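If you're matching them up, the sequences are chains U and W in order.
Just so we're aligned, residue 16 is where the first sequence starts under the working numbering, counting upward by one.
Just so we're aligned, residue 45 is where the second sequence starts under the working numbering, counting upward by one.
Calculated directly from the structure, the hints in this document are not laboratory data.
Fair warning: this is a prediction, and the values are worked out from it, not measured in the lab.
Every residue, glycine too, gets a C-beta built ideally from N, C-alpha and C.
No false leads were mixed into what you were given.
Here are some, though not all, of the chain U residues that point toward chain W, as calculated from beta-carbon distances under 7 Å:
| # | residue |
| --- | --- |
| 1 | Arg138 |
| 2 | Gly257 |
| 3 | Ile277 |
Distance condition first, Cα-Cα at most 30 Å in a straight line; then the derived DSBU-like pairs of lysine-lysine:
| # | chain 1 | residue 1 | chain 2 | residue 2 |
| --- | --- | --- | --- | --- |
| 4 | U | Lys59 | W | Lys79 |
| 5 | U | Lys281 | W | Lys79 |
| 6 | W | Lys115 | W | Lys128 |
| 7 | W | Lys79 | U | Lys278 |
| 8 | U | Lys347 | U | Lys336 |
| 9 | U | Lys70 | W | Lys76 |
| 10 | W | Lys79 | U | Lys275 |
| 11 | W | Lys99 | U | Lys58 |
| 12 | U | Lys264 | U | Lys340 |
| 13 | U | Lys305 | U | Lys264 |
| 14 | U | Lys58 | U | Lys340 |
| 15 | U | Lys221 | U | Lys241 |
| 16 | U | Lys337 | U | Lys50 |
| 17 | U | Lys337 | U | Lys233 |
| 18 | W | Lys76 | W | Lys115 |
| 19 | U | Lys264 | W | Lys76 |
| 20 | U | Lys239 | W | Lys79 |
| 21 | W | Lys128 | U | Lys330 |
| 22 | W | Lys79 | U | Lys58 |
| 23 | U | Lys347 | U | Lys337 |
| 24 | U | Lys241 | U | Lys336 |
| 25 | W | Lys76 | U | Lys241 |
| 26 | U | Lys330 | W | Lys76 |
| 27 | W | Lys76 | U | Lys54 |
| 28 | U | Lys241 | U | Lys330 |
| 29 | U | Lys281 | U | Lys151 |
| 30 | W | Lys99 | U | Lys241 |
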Amino acid sequence: MKQNTFRRNAMTKMIATVLMGVTVVLSASVVSAAKAPSKEDVKKFLRPMEVPQGKNNISTPERVELGKNLFFDPRLSGSNFISCATCHNPSLGWSDAQPTAIGHGMGTLDRSTPTILNTAYQRFQFWDGRARSLEKQALGPIEAGGEMSQSLDLLIPELQAIPGYVTLFEAAYPGEGVSKKTIAKAISAFERTIVSSESAFDRWLKGVDGVMSDEAIKGFEIFKGKANCTACHDGFNFSDNGFHNIGLKDMEDMGRYAIKPIKVLKGAFKTPTLRDIDLTSPYMHNGAYKTLDEVVDHYDAGGFKNAGTLSPNMKKLNLSKKERKAIVAFLKSLTGDPVPFTVPVLPVQ
Amino acid sequence: MLSNKSVAVGLVALFYSVTVSAADHTLAQNSKSFKLNGSQVEEYTIKAGDTIYFKNEDPFFHNIFSLSDLKTFDLGSYPAGESKSVVFETPGEAEIECAIHPEMYLLLTVE
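Hey, can you work out the whole structure from these sequences and the hints?
Pasting the structure below:
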């Protein structure tokens, strides 16, 4: 009798164990099935094979080298104290960790410093998109009184007087000399080399298991679905190259409207990339938010009424705390592997 | 003096000429580009008096505007599935864009 009871118990335990095992296997297969990116995700978000090149400015090592020197050279500013890299600092996600930029004479500017990461993939440069190419953008901050405050007419002879630069310009653009055009082209060629490195999200897209947490994968689903972030942050670079008023508080800057006076553009700014977003706090064109949690809370609230035209894509999302946290986990999975960067030793006078 | 018959014929002819000369065209806003029957178009030609319907086939809002000398208009922003139209009465050229997604560009010639 006892023996039978023992056998029954043992059998029950065994069945329970097998069933548990089956359950675990089944649930694991469900989870792993849910973890795989769809074909559509792979097509849409995987890195393009090539980095876009400038018109009449195909990248060469010499052009990139010249551009790198110019980018890090404070002699490109009126004060000889500010370089492009002062604000676009490689140690700070190619931005400056300030709410809004600080320029000539320590003056504070109205807009934050956008990262130069992946600008090669952007169709419009500056927060208001007023430049249609990097070549058209590159000289703007050098000349702007509040930024680097440098007259280009004075800069050209300054550079021509530095033998090392004459050599670098000749190697990069033979016979073209030091000019506004070659300065802009070289800086652009360098900037096109600053592209995001492989992130956990990229590896997941390629089918590598275990690189994205379940929370981050869930966050990606919410990002595309309930939160509708992909209405603007779409594709490999997580930008639609578009302009939207996302309802920031206390905003007088009308952004893109100053370039194109169309009602929907009142208070609209360019959709920035989300690549390496964890490295480029504070966020938004005016540095309104310090953390990604604050950013997600803003979108969850549907933005706020301001002096401009709120994008109709902005709506109250009613996300749970868990969902908001998952989106942040996903955003952090977009941080690329650290890439060592060597700053140049600049040509001496 | 014109007979009733000839007046009627004249009116029919006038009505016919108006209806055949003014055509309707539908251009889709799809994947952030202008498309005609599924193919992207950046240049398009119509006749004076024709109407273009701009239909939003993307899952987000689009806008249509032009600040051209030929015609200035702003159709505002409208969601997926909606369509807005513009009649182009006079010959010339108009640059038409989506303000939200400025990569969307169409050079329209009105003959």
